[in-house]
Amino acid sequence: MIGYMMEKELSSYTINGRLKSYKVFFKFLAQEGYRENDISTAIPLVKSEQNMIPSFSKQQALELLNQPNRKTFIGLRDYTMMMVLLETGIRIQELLSLQIHDVVFSENELRVFKGKERKARQVPFQKTCANVLEMYLRERGELQTNMLFVTLDNRTIHPRTVQENIHEYGKKAKISGVRVSPHTFRHSMAKFYLLNGGDAFTLQQILGHSSLDMVKHYVNLFRSDI
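Residue numbers (full-length UniProt numbering): 1 to 226.
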């Protein structure tokens, strides 16, 4: 439950507000005899924002990218997906919604759509990522589907599959002290972008945030590194 709210990038204030409501509800159920035990005491509140934003070090990111066997289609696909996540900071749902024509090699950018309005934002990527995407597309070949990333039987990939695969790569790389998940790539991209001199406003546009609030958290969190 907490993990889901963190994936939605809710603030610690919002998450704790919801958790307190749950605690009151479960305590009421126990007091009124609807439950034998009071589980409200087992629901922890989250820490401040600075302790909620995990990110990879450069070495950890490299170790993760080294895990997939790129001689296989699945390995090359997973390597490409992780490269795109790290390079662009897009969300897992956005990654798996990409179609081939959303990759604009002439501009080195992705057209990323969010919501029912299908309003796109342009997300840049570097030449190294472009080379990886081109390699993957050659291996992918011509298919009846336009989805960029597919399974071996040419179906849409479920987010849980990507999460589980990345988690397994994290175990193989023996990464500890940080949650190994698709969303951690997003946080890591934000950190590396700021460390390389990127500005908060442009980062907001790239990540698709409606306000600067989350980006300010990134800036405050990584200020000592910057």
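No lab work stands behind these hints, which were simulated from the structure alone. On a predicted model such as this, the values are computed, not experimentally measured, just so you know. Just so it is clear, CB atoms sit at the ideal spot from N, CA and C, and this is done for glycine as well. Some hints here could point you the wrong way.
Here are the simulated EDC-like pairs of lysine to aspartate or glutamate, each with C-alpha atoms no more than 16 Å apart in a straight line [to be verified]:
id: 1; residue 1: K174; residue 2: E63
id: 2; residue 1: K171; residue 2: D102
id: 3; residue 1: K71; residue 2: E139
id: 4; residue 1: K114; residue 2: E134
id: 5; residue 1: K20; residue 2: E36
id: 6; residue 1: K172; residue 2: D38
id: 7; residue 1: K27; residue 2: D38
id: 8; residue 1: K127; residue 2: E142
id: 9; residue 1: K127; residue 2: E107
id: 10; residue 1: K119; residue 2: D102
id: 11; residue 1: K127; residue 2: E109
id: 12; residue 1: K127; residue 2: D153
Computed spacing ranges between beta-carbons, pair by pair [to be verified]:
id: 13; residue 1: H158; residue 2: K71; range: 23 to 31 Å
id: 14; residue 1: G198; residue 2: T14; range: 22 to 30 Å
id: 15; residue 1: Q99; residue 2: K171; range: 28 to 36 Å
id: 16; residue 1: H158; residue 2: F25; range: 27 to 35 Å
Results of checking the hints against the structure:
Restraint check for K174 and E63: the C-alpha separation of about 9 Å stays at or below 16 Å, so the hint holds. For a cut-off of 16 Å, the pair hint linking K171 to D102 is broken: about 32 Å separates their Cα positions. A C-alpha spacing of about 10 Å is found between K71 and E139, which places the hinted pair at or below 16 Å, so the restraint holds. For the hint pairing K114 with E134, the CA-to-CA distance comes to about 24 Å; that exceeds 16 Å, so the pair is violated.
For the hint linking K20 to E36, the alpha-carbon distance of about 20 Å lies beyond 16 Å, and the restraint is violated. Distance hint between K172 and D38 is unfulfilled; the C-alpha atoms sit about 39 Å from each other, more than 16 Å. Under the criterion of a C-alpha separation no larger than 16 Å, the hint pairing K27 with D38 is consistent with the structure, at around 6 Å. A C-alpha spacing of about 23 Å is found between K127 and E142, which places the hinted pair above 16 Å, so the restraint is violated.
Annotation: proposed proximity of K127 to E107 holds, straight-line Cα distance about 10 Å (limit 16 Å). A distance of roughly 13 Å separates the Cα atoms of K119 and D102; the hinted pair therefore holds under the 16 Å criterion. A C-alpha spacing of about 10 Å is found between K127 and E109, which places the hinted pair at or below 16 Å, so the restraint holds. For the given pair, K127 sits about 29 Å from D153 by alpha-carbon distance, which is inconsistent with the 16 Å threshold.
About 24 Å separates the C-beta atoms of H158 and K71, a value consistent with the hinted range of 23 to 31 Å. Between G198 and T14 the beta carbon distance is about 26 Å. The supplied range of 22 to 30 Å therefore holds. At roughly 31 Å, the beta carbons of Q99 and K171 sit within the given window of 28 to 36 Å. Checked against the given bound of 27 to 35 Å, the beta carbons of H158 and F25, roughly 31 Å apart, stay inside it.
Hint check: violations occur at hints 2, 4, 5, 6, 8, 12; the rest are consistent with the structure.
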